[in-house]
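Colleague: Each chain, letter by letter, is given below.
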Amino acid sequence: MIRILSVRLLQAIFVMVAVTAIAFLMFRFVGDPVATMVREGASQAEKDALRVALGLDRPLLIQYLEFVGRALHGNLGTSFRYQEPVASLLLTRLPATLELVMVATFLSLFIGIPMGIVCALKPNGFLSRLIQSLTLVGISMPTFVTGLLLILVFAVTLRWLPSSGRGELVDLGFWKTGFLTASGLKSLILPSITLALFQLTLIMRLVRSEMIDVLSSDYVRFAFARGLPRRYIYGRLALRNALMPVVTVTGLQIGQLIAFAIVTETVFQWPGMGLLFTNAVGYPDIPVLAAYLLFVGFLFVLINMIVDMLYAFIDPRLRTK
Amino acid sequence: MRKCARALLAGLAMVVSVTAPSLAQTLRWSSAGDVISYDPNAQVDSFTQSVQNMVFDGLVRRNKDMAIEPALATSWEIVSPTRWRFHLRQGVKFHEGQPFNADDVVATIQRQIDPGARNKENLSAVTGVEKVDDYTVDLTLRGPYPLLLNDLVAIYMMSKPWMAEHNALKPGNASTGVVTYASNHANGTGAFKLVSYEPDSRSVFAVNKDWWDKPQHNLTGVEFRPIASNATRVAALLSGELDMIAPVPLQDIDRVGNTPGLKVVENPSLREIFLGFSFRPELHAAPGKPNPLLNVKVRQALWHAVDLTTIQKRLMRGKSRTSGMLVAPQVTGYDKSIDVPLDYDVAKAKSLLAEAGYPDGFKVGLACSNDRYIADEQICLAIASMWAKIGVLADVNVESKTTYFPRMDKGDLDIYMLGWASLPPMDGYSVLQALLATNDGNYGGSNPNGLSDAKIDELARSASTELDEAKRVDMLKAAFKVTHDEALYLPLHQQPVAWAMSDKVDMPQFPDEYVRPWFAHMN
Chain A
2 MIRILSVRLL
12 QAIFVMVAVT
22 AIAFLMFRFV
32 GDPVATMVRE
42 GASQAEKDAL
52 RVALGLDRPL
62 LIQYLEFVGR
72 ALHGNLGTSF
82 RYQEPVASLL
92 LTRLPATLEL
102 VMVATFLSLF
112 IGIPMGIVCA
122 LKPNGFLSRL
132 IQSLTLVGIS
142 MPTFVTGLLL
152 ILVFAVTLRW
162 LPSSGRGELV
172 DLGFWKTGFL
182 TASGLKSLIL
192 PSITLALFQL
202 TLIMRLVRSE
212 MIDVLSSDYV
222 RFAFARGLPR
232 RYIYGRLALR
242 NALMPVVTVT
252 GLQIGQLIAF
262 AIVTETVFQW
272 PGMGLLFTNA
282 VGYPDIPVLA
292 AYLLFVGFLF
302 VLINMIVDML
312 YAFIDPRLRT
322 K
Chain B
467 MRKCARALLA
477 GLAMVVSVTA
487 PSLAQTLRWS
497 SAGDVISYDP
507 NAQVDSFTQS
517 VQNMVFDGLV
527 RRNKDMAIEP
537 ALATSWEIVS
547 PTRWRFHLRQ
557 GVKFHEGQPF
567 NADDVVATIQ
577 RQIDPGARNK
587 ENLSAVTGVE
597 KVDDYTVDLT
607 LRGPYPLLLN
617 DLVAIYMMSK
627 PWMAEHNALK
637 PGNASTGVVT
647 YASNHANGTG
657 AFKLVSYEPD
667 SRSVFAVNKD
677 WWDKPQHNLT
687 GVEFRPIASN
697 ATRVAALLSG
707 ELDMIAPVPL
717 QDIDRVGNTP
727 GLKVVENPSL
737 REIFLGFSFR
747 PELHAAPGKP
757 NPLLNVKVRQ
767 ALWHAVDLTT
777 IQKRLMRGKS
787 RTSGMLVAPQ
797 VTGYDKSIDV
807 PLDYDVAKAK
817 SLLAEAGYPD
827 GFKVGLACSN
837 DRYIADEQIC
847 LAIASMWAKI
857 GVLADVNVES
867 KTTYFPRMDK
877 GDLDIYMLGW
887 ASLPPMDGYS
897 VLQALLATND
907 GNYGGSNPNG
917 LSDAKIDELA
927 RSASTELDEA
937 KRVDMLKAAF
947 KVTHDEALYL
957 PLHQQPVAWA
967 MSDKVDMPQF
977 PDEYVRPWFA
987 HMN
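Just so you know, the sequences run in chain order A and B.
The first sequence stops at residue 322 when you use our numbering, and every number in between is there.
The second sequence stops at residue 989 when you use our numbering, and every number in between is there.
Excised from the complex, chain B in its bound form:
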């Protein structure tokens, strides 16, 4: 027995010593949250999708400039407005050796649109999938739909024989308690293979030497370790146990950046932060009185009274980009001429309030999360004090995202902070559909406070089926123009994405905050 244990220990020591040197080119990185599941259909978490992207490829993908380019499909054509044809790449192999062909696409799409798939709405326009030949597939659509390629970026191709072998042709589902082999194993065609996955500990990836594309990285492996505590995550980077952390907590940026051997990389992300208004007849803060926010002059006055420059300089430490619309410059539908915030002018704000019939201001609720966006709580408090100068008394309510967003969804808040990244489609239509259109069925899912504008509703519906891209973009811009003119929302800024990494790592940063190690270099 003792001999056996000794042999075991010796064996382990060998394993450890053999694996140690190969760590040299292994990118070890950390984030606050973990991958929820490796099943592409069992969750809707964008961080999880970003990590899965290391293992899986879609029919199309985003390149370094965030533009859509061919991946597992080499080309496509619109056969009719409701039928798109995709020609598949030949000679591609899954990590476990199965060849990729039309059967895999059919099985993957069927799994994706299965009623039991948690993220079936990510491909809601597709009604069916048909195999034409071994390397051609048709997708049938509910109606004309311009954003199919945007949606397909996040649809990852799985192997049909592999799913059949492991009884995973149907997706896992929390509500019915279905767990499949695909939850903790992954067999994709991507740049990296998943070697092991231990929830809350680590995911280990090896390089896929048979990748169909030419690698643009020089890594020998990737190790991802989630670390929930901000302080511990920073400590692990400082101690050299990690090569990169994403994100780096805002308060630690200076300290990490000043440490020799480390660097901080910052860019504006796609996420726009703004305030939403209640359009209900009464405010929760002042029951029994008509809602002043229904008057456009009041909303404009509130906008004029917010000192965006101070927020940018003091609270965001100069790292954010002040903005006047709800989408970032990289997102389709962005218009520079609309992206102009109302200037900071207290006198004008006061006169607008007086014109609207509120010379002495009014009482209103202002709600924020304190653990979702960068400096969210501080921004709320600052805005409340700015509004106090024009007589608007904001009753500030700050709480954790777990209780804040459900209350927002129920329409319990008067003025509330919200952030929007337009992901995964990276298209302004996401804002029209979810934030601007009247809450009704498939529209206005995040517009719980009675905002309703007939012109925007009409634009949202026509933009959802317009296949002429130029016309469609004009519709998006027209809707954003109305939003700005009517001050339907109060845009604050585009928040930054900040990563910290070792000098040895050269890794491009993207505004969608995805970590893409297949573009990383280490020396």
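So that you can see chain A by itself, here it is in the shape it has in the complex:
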């Protein structure tokens, strides 16, 4: 067990080093921040001075090593655009993204699972065909199109919901939440549906196929033969077993949602980490870009490691190998 753990840790460190290197080098070629940071009539001397002040005149390798050194101390540098430490910038944006992801996950589970059950119990019924074709449309449409369509219908035409932003927030000191106000809750609806759509379809299809599998297994058929109540068979026997992979997939998908909420956040001007990232691309705010990639890389390494460890814990065969 300890051997597996240490090997995994080593791999994780290697991945993180690769991510920092790629993040850092890639964004050096996005553009020159000096060009966007100086005023319109700036002189050559002014531009050169800024370049030196930002440390952009030094060799790339030195800049990279310094970046890694600071990152190890928890210092991700200062944003060129906001003039604030990047770490605190990411932390202030985290609540917005997490709330969005939480609601999206909730929606996808509480709509996706019942839909999957319906589709499994009556695979050829009208309702299940309708659900299947509707979700197919939803999943094949680009996120920004879905978002804009929702805005067009519910914000512009019907005027039921706001088109953008988070609404009124309540500051809890360490967390600014939109859950406690009416406008905050209303603002959550459209972006979370947009973000949930992909995961919802995934879960619906997963539940459906797992349920169909389980329902055709021997123990379910014996349960029917014994005359157990249907509710007990579907709920206790079939659904429970079908939900095991759903839990794993949902866990992994939460990482995906946090990392790729970028499009949804941009369309809805949702002030989370994704919007921070898109704005940083246009500036170009290199410390923010690099730190964001670092954060996402770390998130995925962490999630994958936990999942692997859990598998090893549950399945003894993986340990003896």
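Be a bit skeptical, because a hint or two may be false.
What the hints assert, rightly or not - Derived lysine-lysine pairs resembling BS3-like cross-links, with alpha carbons at most 25 Å apart: (1) B:K867 x A:K48; (2) A:K48 x B:K586; (3) A:K48 x B:K763.
To be clear, the hints were calculated from the coordinates, so they are not data collected in a lab.
With chain A held as given, fit chain B onto it using these hints.
Modeller: Same frame as chain A, now just chain B:
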């Protein structure tokens, strides 16, 4: 615990219901970008400066006609060419109650010219500041400098006790990682108070009831919400969540204008769009051969070959103003007799090319951004096809502003598109200093391609110290005449500024694209 939560919710519901009716006279507006910081010295972004202007006042300001008028200074005199004396307005109070006096001006100017201030060059002529008495201040200058008032328009007065209390006497700085209290809080003397600032979400402003000036608006508050996505910003206006968006995307102008209850307001902005030429020995598109652009006849031929009328009618939908010089009519140094583009004449262009020794044309690079100016990419493609008619084969390269401007700065481009608004000074000298003068130290910061004209260099240097306004304007005009005669740049047009707003809003539009809610009326 549950009781507590219920009480909290009830309290919140009350807060929401109490604040809702007062929204009636609140101007809610949106733009694509957000305020970078409320610290006047921590950035150089002109949009940020325009929003800060709601909260802060300068010693002088621009009135409705864009002319400079007294603000926190009531009068001034030139004691000697290097010493200007300002008499301050009495009885002015900052938003948090501190009285305004000479100490505040001294602290503000010192903060502005501090080596750590990101925008210290906005007041580069000033070397020091001295208090004469409680309401008189002297600024000392490097040398005679005619544009001091123009520069002071964008220097916002902060409160010394407030800065001292919050440890913000030194400006914030990205390179050293200094963040101050002034980044997200603002205490000015302006028409509106900053109530709250959430980056990328909103800035909320309340009316300053104790403003020293008579309000020319009837607002009860202002809410600014940045929305980066064009489609979402337009949707928010259509849905009634906003009263105004600035700017409205060009492709949505017709749709928004035809919506009942909304209107589109358009005027030419100060921003002139033009093409710059490479004056290096060789072109990047044709290495090893002498650069044809060094010949004035070639540059004139290229100018004659551009059909400016078609660009104005088709690509700019009739909204731009075709021009022949690098500054707009409102800018000092403008001369109507110079502002004449070379006429569209393909035959003449061909003969000029032949005279210059290029009867069959040549190859050249043409570069544009695709996200900076209105229709920038389409204009570039159109010009390339127009030049093809005279045998000039333009290798068009279009890219995002984040990579385009750094390449331009390095001199990697043969012919390139650039826009210039002469802001904040609104003076032709800005063009002389940054675009026309040879790239050297404090001159030619945006002239990376070897353009060098001895006469213009001399005019730029003498205009920078000439205090006689009439003489100075003549120098600017003389430099622009050379630019036109030698076709050093190829001017295209003055691009429009387009805002969309509700019928209920009455808001004047300015060519510098500043939104000035202190002139807004809502009914």
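Colleague: All hints are to be evaluated individually against the structure, with a verdict given for each.
Modeller: Evaluated hints:
no. : hint           : in the structure
1   : B:K867 x A:K48 : 17 Å, holds
2   : A:K48 x B:K586 : 13 Å, holds
3   : A:K48 x B:K763 : 34 Å, violated
In this structure, the one hint that does not hold is number 3.
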